[in-house]
Amino acid sequence: MKKNAFSLLLVLVALALAICFWRWDQVGLGQMDASARLNHEFTVAAYAVTWLIQLGYLALLGRKWRSMKRRHDR
Amino acid sequence: MKKLLFGFLAAITVLLMFWGFYQAICVAPDEQTMHEVQRIFYYHVPSAMVAFLFFAINLAGSVCFLAFRRNRPERAQLADAWALAGAEVGVVFCTVVLITGPMWARRAWGIWWTWDARLTTTLILWLIYVSYLLLRRFAAGHEVQTLAAVLGIFGALDVPIVYMSNRWWRTQHPAPVFGGGPDSGIKDPHMLAAFGWNVLAWLVWGLLILALRFQVERRAQRIAAQEAQAVLNER
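Quick note, the sequences are listed as chains A and B, same order. Position 28 of the first sequence, counting from 1, maps to 28 under the working numbering, and the rest follow consecutively. The working numbering runs 1000 ahead of the 1-based position in the second sequence.
Be careful, since some hints might not be right.
[What the hints assert, rightly or not] Pairs of lysine-lysine residues, derived as DSS-like cross-links and limited to a Cα-Cα distance of at most 30 Å, are as follows:
| no. | chain 1 | residue 1 | chain 2 | residue 2 |
| --- | --- | --- | --- | --- |
| 1 | B | 1187 | A | 69 |
| 2 | A | 64 | B | 1002 |
| 3 | A | 69 | B | 1002 |
| 4 | B | 1003 | A | 64 |
I should point out that these hints are in silico values taken from the structure, not numbers from a laboratory.
Looking at chain A on its own, in the form it has when it is part of the complex (with noise of 0.2 Å):
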């Protein structure tokens, strides 16, 4: 139970960012220029990149304490 509330919280955050992540993709899309939309997609790839970048770590890490707590046991 409590190893698996490690990997809910991870992915209820990832959920919850993906659902800001499309909001934000969506938001004035259809009145902004070609330019304006280049930046925009540009500023939301480089925000959800970091947080791929973010999580994709911390899912390691809670890999590797969760080995490291089976080689313990053994």
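Please arrange chain B on chain A, whose structure you already have, making use of the hints.
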């Protein structure tokens, strides 16, 4: 109690991250010349600041490891765990800097990359710490920690060079936002607030994952010590 405190800190961190995100996207106004793409600044600069802090932690850990490794081995192991955690989390933040920077540059300058002093020294910094991590991961033997500590100290020498590069040399990278002369600084209070919140949020996030990485390394050290003891006992 420890776990409750950690959970509370994690919750505060997540709230801070969302608040920083909201400030950067919804509250801070568009910059006049770069427009929306300037908002990358709110993630790019705090990530660079936090990366520098973690490389400083690596430096402190490496120096302490070298100082204690003969007389106080337990303290040296503690310092080494901090050094490794600092380098690894620092590389994560530095990677963010090296990816978000070119994304901004593509829109602002029309190119992804240029070999100017700030960009090149940052890439060298990243490469030095990646080689530090590769050394820790793949080299074997009891001198690995010492070699890594020496590499960590040399790597840290690049941090002030990166920081000063756009003061010492003419660079395409924008002039320093803070401490770069009378015209530097963020004038708009909403932009300043968004920047400040994001610095705080990424700092707290970084410290949290640094603490996690440190705990993982301490556990790995304890397991290695137990296994070595078990081998000795078998003999």
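These are the hints, each one checked on the structure:
no. : hint            : result
1   : 1187/B <-> 69/A : 50 Å, violated
2   : 64/A <-> 1002/B : 20 Å, holds
3   : 69/A <-> 1002/B : 17 Å, holds
4   : 1003/B <-> 64/A : 18 Å, holds
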